[in-house]
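Protein chains in written order, with the numbering used here: chain H, 1 to 317; chain L, 1001 to 1317; chain W, 2001 to 2323; chain U, 3001 to 3323.
Since the hints were made in silico from the structure, they are not lab data.
Please note: incorrect hints may appear among the correct ones.
One-sided and incomplete, this derived list gives chain U residues near chain H with beta-carbon spacing under 10 Å [stated by the list, open to error]:
(1) Asp-3030
(2) Gly-3032
(3) Pro-3127
Below, computed lysine-lysine pairings styled on DSBU-like, alpha-carbon distance capped at 30 Å [to be verified]:
(4) U:Lys-3319 with W:Lys-2252
(5) H:Lys-259 with H:Lys-210
(6) H:Lys-248 with U:Lys-3159
(7) H:Lys-181 with U:Lys-3042
(8) H:Lys-191 with L:Lys-1185
(9) L:Lys-1256 with W:Lys-2042
(10) H:Lys-103 with W:Lys-2159
(11) U:Lys-3180 with U:Lys-3198
(12) H:Lys-185 with L:Lys-1185
(13) W:Lys-2304 with L:Lys-1103
(14) H:Lys-103 with U:Lys-3304
(15) W:Lys-2198 with W:Lys-2180
(16) H:Lys-103 with H:Lys-5
(17) U:Lys-3304 with H:Lys-31
(18) H:Lys-256 with U:Lys-3042
(19) W:Lys-2198 with W:Lys-2252
(20) W:Lys-2042 with W:Lys-2180
(21) U:Lys-3319 with U:Lys-3304
(22) U:Lys-3252 with W:Lys-2319
Backbone N, C-alpha and C fix where the C-beta goes; we use that ideal spot for every residue, glycine too.
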Amino acid sequence: MNREKLLELHYLMLKVRRVEERLVDVFTLGKIPGFIHVSIGQEGVAAGVCSCLGPEDLIFTTHRGHGQALAKGIDLKAFMAEIYGRRDGCCKGKSGSMHIACKKSGVAGSNGIVGAGLPISLGTAFASMYRGDGKVTVCFFGDGASNQGTFHESLNIAALWDLPVIFCCENNGWAQFTSRKTYMKIENIGKRAEAYGMCGVTVDGDDVLKVCEEAGRAVERARTGGGPTLLECKTHRWLGHYVGDAQKYRPAVEVKQVKEFDPIARFEKFLLQSNCVDQAYLDGVEVRIGSEIEEAIAFAEGSLLAGADELFNDVYA
Amino acid sequence: MNREKLLELHYLMLKVRRVEERLVDVFTLGKIPGFIHVSIGQEGVAAGVCSCLGPEDLIFTTHRGHGQALAKGIDLKAFMAEIYGRRDGCCKGKSGSMHIACKKSGVAGSNGIVGAGLPISLGTAFASMYRGDGKVTVCFFGDGASNQGTFHESLNIAALWDLPVIFCCENNGWAQFTSRKTYMKIENIGKRAEAYGMCGVTVDGDDVLKVCEEAGRAVERARTGGGPTLLECKTHRWLGHYVGDAQKYRPAVEVKQVKEFDPIARFEKFLLQSNCVDQAYLDGVEVRIGSEIEEAIAFAEGSLLAGADELFNDVYA
Amino acid sequence: MKEIRYIKAIAEALREEMERDENVFVVGEDVGGGGGAFGGTKGLLETFGERRVRDTPISESAIVGIALGAAVRGLRPVAEIMFADFLTVCMDQIVNQLAKTRYMFGGLFDTPVVIRTACGGGLNAGPQHSQCLEAWFAHIPGLKVVSPATPYDVKGLLKSAIRDDNPVLFFENKALYAMKGEIPEEEYLIPIGKADVKRAGSDVTVVAASRMVHESLAAAKTLAEQGIDVEVIDLRTICPLDKETIFASVEKTSKLVVAHEAVKPFGIGAEIAAMVCEEMIEHLDGPVVRVGAPFVPVPFNLEKLYLPNSDDVAGAVRKVMEY
Amino acid sequence: MKEIRYIKAIAEALREEMERDENVFVVGEDVGGGGGAFGGTKGLLETFGERRVRDTPISESAIVGIALGAAVRGLRPVAEIMFADFLTVCMDQIVNQLAKTRYMFGGLFDTPVVIRTACGGGLNAGPQHSQCLEAWFAHIPGLKVVSPATPYDVKGLLKSAIRDDNPVLFFENKALYAMKGEIPEEEYLIPIGKADVKRAGSDVTVVAASRMVHESLAAAKTLAEQGIDVEVIDLRTICPLDKETIFASVEKTSKLVVAHEAVKPFGIGAEIAAMVCEEMIEHLDGPVVRVGAPFVPVPFNLEKLYLPNSDDVAGAVRKVMEY
Ligand SMILES: Cc1ncc(C[n+]2csc(CCOP(=O)(O)OP(=O)(O)O)c2C)c(N)n1
Ligand SMILES: Cc1ncc(C[n+]2csc(CCOP(=O)(O)OP(=O)(O)O)c2C)c(N)n1
Ligand SMILES: [Mg+2]
Ligand SMILES: [Mg+2]
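In isolation and in its complexed conformation, chain H is listed as follows (with noise of 0.2 Å):
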C-alpha cells in the first residue's frame, strides 16, 4: 500500500473519532435535538471499506453511521450543520443524525429502521447494472441487523442476481442492551453467505490494513462483474448504545478492555514503527482535523434552524 493510501487511512479514522467526540460533548451541552449513536472504537471499518470506493460509488450507512459518511467523504460542514438540524444542513435539516444523505458524496441514506438498508441497496446496484457504469454499491449494517429478514431477502437476491454490492456488516458484538449471545448461535455472520452462493469474508474490524484489503478485494469483484461480497469487520463500541446510555446492562470489565482494541492507536503505532511518519506528523493531523471541526461547529451554529416555511416542503415532487 502506497504511503498517501496509508495517511487517507489515519486521516479517515482519525477525523470520524475526534468529530464524534466533539459531537458527544455538544449533545451533552443539550446542543443537538434527538439522540444519537457514536461509532468510537468502530473507525477500522468505515475508514478501510470507503477508501477503496470513488466518490461516484454509493453507500448506505446505519444509525451509527457518521464514520461512514465522512469516510466516503461528506463535507464536514454540511453533515455537522445537519446533526444540528439547521438549514445548512445536507438535508436542510430534516434528517437529523440518523437519515443523512448526500447526493455528491455519494451516501445514499442513513436509515433508522434496523436492516432497512439492504433491499435499497439492491436497487442501486442494479441500476448500476442496468446502465452498465461500473458504480459499486456498499451497505453498511449491524450485527443486530443482520437477523431480519431484510438481509436474507436482500444477500440472496444480490447473489442470484450478481449485483455489484458489498454488505459490511459492523459487527460489535451488541445489539442495543443485547450481546451476541442473546440474538445468535453462530460466531462468524461471514458464514452467512454461503446459504446464498455468495462470497463471505470475516476480518478484525479493528485492523484498518486488513479491512483496507478485504474490501479492495470485494470493490474489485462488483466492479468487474465478480458478484456480491458479505463482509464482516469485527469491531468493538466503545460506548453506550446512543449517547447517555450508562450501559448498566454491559458487564464493566468489557467496558474497560474494548479500548484495547483502538483501531486508531494500533495504527499509529504502525505507522511510526514502519516509519512512514513521525510524531510531529501525527501531532500535525490532530491539529489540522482540529480546526476542520471546529470550523464546522461554528458553521452549523451559525446555521439558522428551519422554520414553519420548510414544514411542507418535499413531501411531494
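Given the structure of chain H, go ahead and fit chains L, W and U with the ligands onto it with the hints provided.
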C-alpha cells in the same frame, strides 16, 4: 421398520393422492369456491413426516397443505366439508382449502401468506418448552418460501432457543410460475441451516422411507431437547400451481418426466418386491380409500352452506 | 376506439411506457415467464428481455427496496406485489423508506416508483387474498394512492403513475380484470388527483372507488327509474383527494353517500365524510351515509354476503333522500 | 393512592399479571437485561427469569409469530415492539395472522396477545421513530386498539389487555412515559372499549386520544377562563370505539372537536367525525373540526411546529363555537 408402519405410510400417501385427484374433479366441475393447490406427486413428504408425529404434536401447513393435514390425521369429512365451504367444515366453512386448521388432530393452521407459518411455529414450540410437555411442532413450507425474511428470522431463533420444531421444506423446484434458478443460486436449501448453527438435512422427498427415517431422527432430536432441524425434502409438483393452471411457462418434457418420480408407485413396488403386501392388498386399500372419499364428498355436499348468521361470528372472543 | 379488458389495458400501458422510456422496468414475482399472476405483464419479457423484466424470489421487501434504490439512481421501476394483502410483508419499505425518502433527505432524490397490486374480493380467495387496504396508504404523507375502475382509467392512470416523480400505490381490482371497456387507439393520459363524474345527477352525490363505482352506477340506474337522480363520482385517486369535484357536487345535491369495498370503520369513506362535515356542513342536508364491508375478515365462503353491492348503495341513497 | 410515572405503571401492571398468571410472559428486544428500551420491563428478568422474560434478536415478525403461536397453545404473551414505527416490519403477522386466526379458523383458537409499543413524537426522534399509526389497526377486524393517556389508565388498561382473549395493540406514548400521576395502592382494572370523560363540560365536546388528552385539558382550562365550558372525552380505546359516551356528549353539546397526534387525513378523527355525521347529524350544530398533525413525515428538526398542541385544540374549539 415394522409392517404396520409401512402400511400406514402407504395408506397415507394413497389417501392424499386419491383425495386430491377427486378434489381436482369436483373443483373442475365448479363445486368448490375459490382456488385450490394440490400436492399430487409430493405425497411422500407429508406421509413420511407426519407418520413420525403423535396426535398431540402440531403442524403448520401451507397453501398446498391438503396432504399435510390429511397425513396428520384430520377427519376427512370435516376436511372435505371445509373445502366445500360448508357449515360442518372443520372451520365452519370459513377457511376453505387455504386456511385449514383442526385442534383435535394438531393442525395448527394453514396459511395463504408464503413463509408466514414459520414465525408462528416458533410460538407453539416455545409453548412446549415453557410447559415442558414434549410436544413437537412441524412447520411445512415450500422452496419459494425459503426466500422470505420470515424463514431467516425463524430459523435463527429456533436454533438460538433450541426449540422443539422441525422446519420441513417441501422443495418441488417451483414457486408458482418460477423455477429454482430464478429465485435461488444454491442447490440445497438444507444447507441454509448452517447459517444458524442448526442441523440441516436434504433428502429425496419421493422416497417415503428416507423421509420417514430423517423425520424420525428430527422428531427424536426435538423431543429430547436436541433442538430444531431444517429438513429439506426434494420432490416434484406434477400439476400446475393451482388447479386450472395450464403451465405454459413450464417445459413440456419436464411435465412428462416428473411422473417417473412417483413416490407411491415406487413404494408399492418396494412393498410388493419385499413381499410385504400382495396386489390384492393394494387393491383393497384402493377400495377402502375410495369409499372413504365418496362418503366424505357426500357428507360435504350434504352439509349446509353457512348463512348470514355466521358472518359476524368469531371476529372477537 | 377499441374494446379491451382491464388487465389488457394494464399490459398496454406498461408496454407503451417501456417503449417510450428506457428507464422504465418491471420487477416482481412471476412477472417474466409467468406474465404476472393475473397477466398484467404478459408478453413484456419477450419484447424487453430479462434486463427490463425482472422475476424475483418471493421477497416482497426486497422488491420494494430494489424499486426504491433504482429510483434513487434515476430509473422508473414498476413493481408488482401480487395481492394487496401481501403489502403487509413490505410495509416498512413502503412507509418508512419509499414514502419518506424525499422528505427526510431534504428533497435530494426523486422517487418515481409505481407499486401495482391487486385488491378486493370476488374470487372467494379468503381473508388473506381479498383485502382493500387503501386507507392505510392514504394516511401516509409522501405516497399517492390510485384506484382505477375501468379499462380506460386504468391505462391512462398507470401511464401517469409511471411518469410521476412520487411513489404511487396503484390498486388494481381483481374483480375488474376481466371487465371490457372502450379505449382510444391513440395515446392518452389521465391526471392523478382528479376525480371523474361518471354520471351527472342532481339529487344526491355518490362518491365511490374502484369496483364500487360500477355498483353505484347500477344503483343509480335503478334509482333513476324511481325518480332519484344520482350523481356518481369516481374518485380515481384516493390520495390526494379531489376535494374540488366532491365539494362542487355536494354543493349541488346537498346529499352524500360514500361507497367503497373496504370495511367501513376507519376506511376512506370516513375521510370523505369528515372532510365534508368539516368544511361544508352548511351545504349538507342530512347524514353522510357510508357503504362499506362489514367489520369482519373476508370470509372464504360468505363472500357474497360480505361484499357491498348496488343494493347497499341504493339503500344508502334512499336513506339520505328520506331525511 | 401513590404517585407513579406512566412507564412505572406499565412495569407494575406487567409484574402483577405475571404474578397472577403463570401463563403470562413477555417477549421482545432488550426486554430482559436491558429492561426494555424505555424501562417498561425493568426488573422482570430478575424476578421471573429467562423462561418468562425473553430477549429476542431484532426480528419483529418472529416476535409477533412467537406471541401468536404461544397464544394458540394457551399462553398469554405480551410482546414489545420498541417503536410503533417498527410495526411496519411485522404487519403481516399482526394483520393477516394474529387478527384473522380466530375468524378464519372458525373460532378454534383464542388469541390473547398484547403488543405493547411506543408511539408519538416529542423526542426529536425523526420520521421513523415518531409516528402514530393507530388508525391502521383500527381498520382491521379482529384487533383491539388501546391508547392510554395517564399512569392510572395505562396500568388498568394493560392489565385488562392481558386478560383479554383477543389481540390488543397497546399504544403507549413516548412523551408520556415520564409523566407522573396518582394510582391506587390496591389492584384495579379499566375496561377496554369504554371512553372516559376527563372533564365534564356543556358547550363543546372534545374527543381526544393519548397525549392530546392533556393538550385538550390544557385548552379547556384556558377556554374556561374565556367562558367556554369544554367536555374532554379521553377515548382510551380506539377500537372498539365507545359510541355511547361520544354520542351522549354530542347530544348535550351539539359541538364536536376531535384531536389526535397522527396526521389528520385518514386518521382516527375521520372515523369519529364520520360516525357522528352518519348517525346523529341532527344533533350537530356546526362543523366537526379535527385537530391532527400536518400531512408530512415527522421532521427531525421541526417537531415543535409539527406536533398538534393545546393552542390547536383551543383554535378548533373557538371555530366550532363561532359557527
Ligand atoms: C426494525 C427495528 N427494530 C429495532 C430497532 C431499535 N434499534 C435501533 S439500533 C438497534 C440495535 C442494532 O444493533 P446492530 O445492528 O448490531 O447495530 P449497532 O447499534 O451495534 O451499530 C435496535 C434494536 C430499530 N431501529 N429498527
Ligand atoms: C407473501 C406472499 N407472496 C406471494 C404469494 C403468492 N404465492 C402463493 S404460492 C406461491 C409460490 C410458493 O412457492 P413454494 O413456497 O415453493 O410453494 P409451492 O407452491 O411450490 O408448494 C406464491 C408466489 C403469497 N401467497 N404470499
Ligand atoms: Mg452491533
Ligand atoms: Mg415450490
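Each hint tested on the structure:
no. : hint                       : verdict
1   : Asp-3030                   : holds, 4 Å
2   : Gly-3032                   : holds, 8 Å
3   : Pro-3127                   : holds, 7 Å
4   : U:Lys-3319 with W:Lys-2252 : holds, 25 Å
5   : H:Lys-259 with H:Lys-210   : holds, 19 Å
6   : H:Lys-248 with U:Lys-3159  : holds, 29 Å
7   : H:Lys-181 with U:Lys-3042  : holds, 21 Å
8   : H:Lys-191 with L:Lys-1185  : holds, 16 Å
9   : L:Lys-1256 with W:Lys-2042 : holds, 25 Å
10  : H:Lys-103 with W:Lys-2159  : holds, 28 Å
11  : U:Lys-3180 with U:Lys-3198 : holds, 16 Å
12  : H:Lys-185 with L:Lys-1185  : holds, 24 Å
13  : W:Lys-2304 with L:Lys-1103 : holds, 28 Å
14  : H:Lys-103 with U:Lys-3304  : holds, 28 Å
15  : W:Lys-2198 with W:Lys-2180 : holds, 16 Å
16  : H:Lys-103 with H:Lys-5     : holds, 24 Å
17  : U:Lys-3304 with H:Lys-31   : holds, 16 Å
18  : H:Lys-256 with U:Lys-3042  : holds, 25 Å
19  : W:Lys-2198 with W:Lys-2252 : holds, 16 Å
20  : W:Lys-2042 with W:Lys-2180 : holds, 17 Å
21  : U:Lys-3319 with U:Lys-3304 : holds, 23 Å
22  : U:Lys-3252 with W:Lys-2319 : holds, 25 Å
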